[in-house]
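Participant: Required output: the full structure, derived from the provided sequences and hints.
2 protein chains.
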Amino acid sequence: MIGDPIGVHFADRLLAAIRDKNAAVCVGLDPLVERFPAALRVPAQSEARSQTADERFATALLAFGRGVIRAVAAFVPAIKINIAFFERYHAEGVHAYHQLVHDAQAAGLIVIGDVKRADIGHSSTQYALAHLGESDAAHAGVVDAVTVNPYFGYDAVGPFVDAACKSGRGIFVLVQTSNESAAAIQGLALADGSTVCQRVAHLVEGWAADPRLVGECGYSCVGAVVSPRDGESTMRVREIMPHCLFLVPGFGAQGRSAEEASKCFKPDGTGAIVTASRSVIYAYEQAAHRERFGDDWERCVTEACSDFVAAIRAVLR
Amino acid sequence: MIGDPIGVHFADRLLAAIRDKNAAVCVGLDPLVERFPAALRVPAQSEARSQTADERFATALLAFGRGVIRAVAAFVPAIKINIAFFERYHAEGVHAYHQLVHDAQAAGLIVIGDVKRADIGHSSTQYALAHLGESDAAHAGVVDAVTVNPYFGYDAVGPFVDAACKSGRGIFVLVQTSNESAAAIQGLALADGSTVCQRVAHLVEGWAADPRLVGECGYSCVGAVVSPRDGESTMRVREIMPHCLFLVPGFGAQGRSAEEASKCFKPDGTGAIVTASRSVIYAYEQAAHRERFGDDWERCVTEACSDFVAAIRAVLR
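Sequences listed follow chains A and B, in order. Residue numbers for the first sequence follow numbering that gives the first Met the number 0, so the first one is 0 and each next one is one higher. Residue numbers for the second sequence follow numbering that gives the first Met the number 0, so the first one is 0 and each next one is one higher.
Because the hints were derived from the structure by calculation, they are not lab data. Heads up, a few of these hints could be off.
As the list claims (entries may be wrong) - Restraint ranges, calculated between C-beta atoms of paired labels, are given here: (1) B:Asp191 with A:Gly230: 37 to 45 Å; (2) A:Ala37 with B:Asp209: 37 to 45 Å; (3) B:Gly6 with A:Glu231: 43 to 51 Å; (4) B:Asp294 with A:Thr51: 52 to 60 Å; (5) A:Arg211 with B:Pro241: 45 to 53 Å; (6) A:Val41 with B:Asp294: 40 to 48 Å; (7) A:Gly230 with B:Pro266: 43 to 51 Å.
What the hints assert, rightly or not - Some residues of chain A that are not near chain B, with every Cβ distance over 12 Å (derived): (8) Ala16; (9) Ser226; (10) Lys265; (11) Gly268; (12) Phe292; (13) Arg316.
The model shown is predicted, which means the values in this text are computed figures rather than measured ones. Here a beta-carbon is modelled for each residue, glycine too, at the ideal position from N, C-alpha and C.
Facilitator: Encoded structure:
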């Protein structure tokens with residue numbers, strides 16, 4: 000199913016964008032209308048005869064997302080948009096999601112669709128077509144990469160690999176997630192002395208190392224989501240997966256430091272892209288930013304984004 | 000977070016519906032336009048100046064889904080709609096999905112949204128609100144139950160439990176799936192002699208057995224997806240999870256027999272609902288049905304559905 004690739008390889012493209020901005024970071028857009036600046040929030044929360052609640056909230060999501068894109072596009076190579084926060088508002092929200100994917104790409108950003116999808120093979124194919132598109136199409140709303148859940152094994156991942164890698168796109172398979180209860184399954188001790196998470200890492204590396212999937216930079220279009228929740232486990236996983244770029248969640252509001260995130264990189268400073276979401280997109284809630292920029296929430300986001308870029312740069316020196 | 004329940008408990012409601020129809024079965028709607036009867040397929044595949052491709056395909060999905068609902072509603076208690084096949088057509092497809100959820104409920108069916116979602120807690124909350132609604136709302140498009148992926152542990156499942164159980168709705172957590180590569184992770188041998196799948200079963204039973212979540216019938220609003228892929232493992236999982244209703248995929252086109260599916264039931268004939276998708280909804284592709292009903296594809300679906308109901312009834316006697 001893996002055909003001749005079209006366009007530049009995803010990993011080469013992402014690494015070039017990281018070099019270009021000198022920033023191995025990605026802003027996560029997980030927008031909750033309840034936390035928006037009043038000018039966007041109040042109209043969404045006010046009943047209007049002419050619009051449904053889904054329409055009003057989707058309008059607010061779109062306006063906020065566009066503000067974040069304007070605020071960060073000059074500083075970061077990529078944005079990760081979590082579809083959960085859009086799907087909440089049904090078809091209207093999904094429409095806003097696809098519009099933002101288009102807008103972010105038009106602003107020069109690589110867009111990671113944080114969809115965490117997976118199903119048995121023929122259903123996963125539908126998700127892959129939805130988010131990564133047909134091989135030859137530059138369909139509006141098609142992202143540059145998606146996140147995929149590994150619980151079904153390769154049947155669920157393969158359709159995404161097929162769709163991604165032949166069109167210069169990529170996938171990030173969940174390996175070690177950032178949440179409290181992640182270890183309940185991912186941390187289980189296996190009979191061979193390793194853990195579920197390490198075994199998943201071996202599986203993903205096996206998929207990623209297929210020479211047809213590896214770019215000139217040596218990384219594959221198949222990457223992994225790895226939170227540096229546990230330092231030792233993170234270093235082990237980094238060793239297991241030399242061909243995988245890591246998408247690293249958990250920075251900022253989720254409590255992970257730049258120092259911890261640095262364990263996801265190789266000694267040459269490549270191999271990972273760190274995401275921060277709430278600490279950047281809600282920067283206007285923080286007094287330090289608000290004191291400087293008042294109600295100009297986009298400038299608060301820009302400043303928090305610059306701080307985030309600088310923090311990651313500092314630990315990669 | 001678990002409040003006082005509203006309405007009849009999900010498990011009591013599902014069991015009553017199964018008794019009422021004398022059918023522990025569920026039709027799965029996984030519709031591929033490419034396999035539709037020509038009268039629905041050709042207009043979708045024909046370019047039209049006035050409609051986008053997403054609009055044309057969503058229109059076909061809606062018409063087909065309505066035909067299936069008409070064909071099966073008298074015979075089965077529930078329908079499972081897989082959102083992947085709708086999401087493929089972006090916002091238009093998602094809109095058709097929610098319309099079909101509404102139509103199926105209006106036809107008296109319990110609707111299982113086969114969404115297989117999961118994310119870290121605050122993102123999972125958004126998915127839960129999208130699909131199970133606010134506690135007090137009878138929002139159009141809110142389903143009676145959803146499928147949830149366990150890879151994140153309870154953080155990802157909890158928001159669905161909270162949303163479901165206080166409003167007479169339910170969830171089915173993926174435990175043992177029906178696909179070829181499922182054992183790559185689910186079948187891993189743990190240090191304690193069990194498997195990942197069995198450990199997940201223990202976790203899910205632990206969540207399900209909370210007395211606040213158990214209905215008068217003794218089953219919880221937290222159930223499990225269990226494919227009878229492996230007979231021995233299935234019987235073990237049935238023992239581990241006495242409080243869980245099983246949603247049983249893999250019958251028909253996926254190769255599982257009624258005899259195998261029967262291992263998901265308790266000796267009293269309760270505890271599971273078996274789904275068949277492609278073998279029922281594409282019945283008009285089978286010569287035996289087409290010879291009797293010609294181009295009347297809905298009657299072919301009705302006949303295949305009756306056969307399916309009879310096959311499960313026979314093994315539960």
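Participant: Would you mind marking each hint as holding or not holding in the structure?
Facilitator: Verification of the hints:
1. B:Asp191 with A:Gly230: 37 to 45 Å: 26 Å Cβ-Cβ, so the 37 to 45 Å window is violated.
2. A:Ala37 with B:Asp209: 37 to 45 Å: 39 Å, holds
3. B:Gly6 with A:Glu231: 43 to 51 Å: 48 Å, holds
4. B:Asp294 with A:Thr51: 52 to 60 Å: 39 Å, violated
5. A:Arg211 with B:Pro241: 45 to 53 Å: Between Arg211 (chain A) and Pro241 (chain B), where Cβ atoms are some 48 Å apart, the hint holds.
6. A:Val41 with B:Asp294: 40 to 48 Å: With a Cβ separation near 55 Å, Val41 (chain A) and Asp294 (chain B) fall outside 40 to 48 Å, so the hint is violated.
7. A:Gly230 with B:Pro266: 43 to 51 Å: Between Gly230 (chain A) and Pro266 (chain B), where Cβ atoms are some 50 Å apart, the hint holds.
8. Ala16: 25 Å, holds
9. Ser226: Answer for Ser226 (chain A): violated, closest chain B Cβ roughly 9 Å.
10. Lys265: 26 Å, holds
11. Gly268: 27 Å, holds
12. Phe292: 26 Å, holds
13. Arg316: Nearest chain B Cβ is 30 Å from Arg316 (chain A), so the label holds.
Hints 1, 4, 6, 9 from the list above are not met by this structure, while the remaining hints are.
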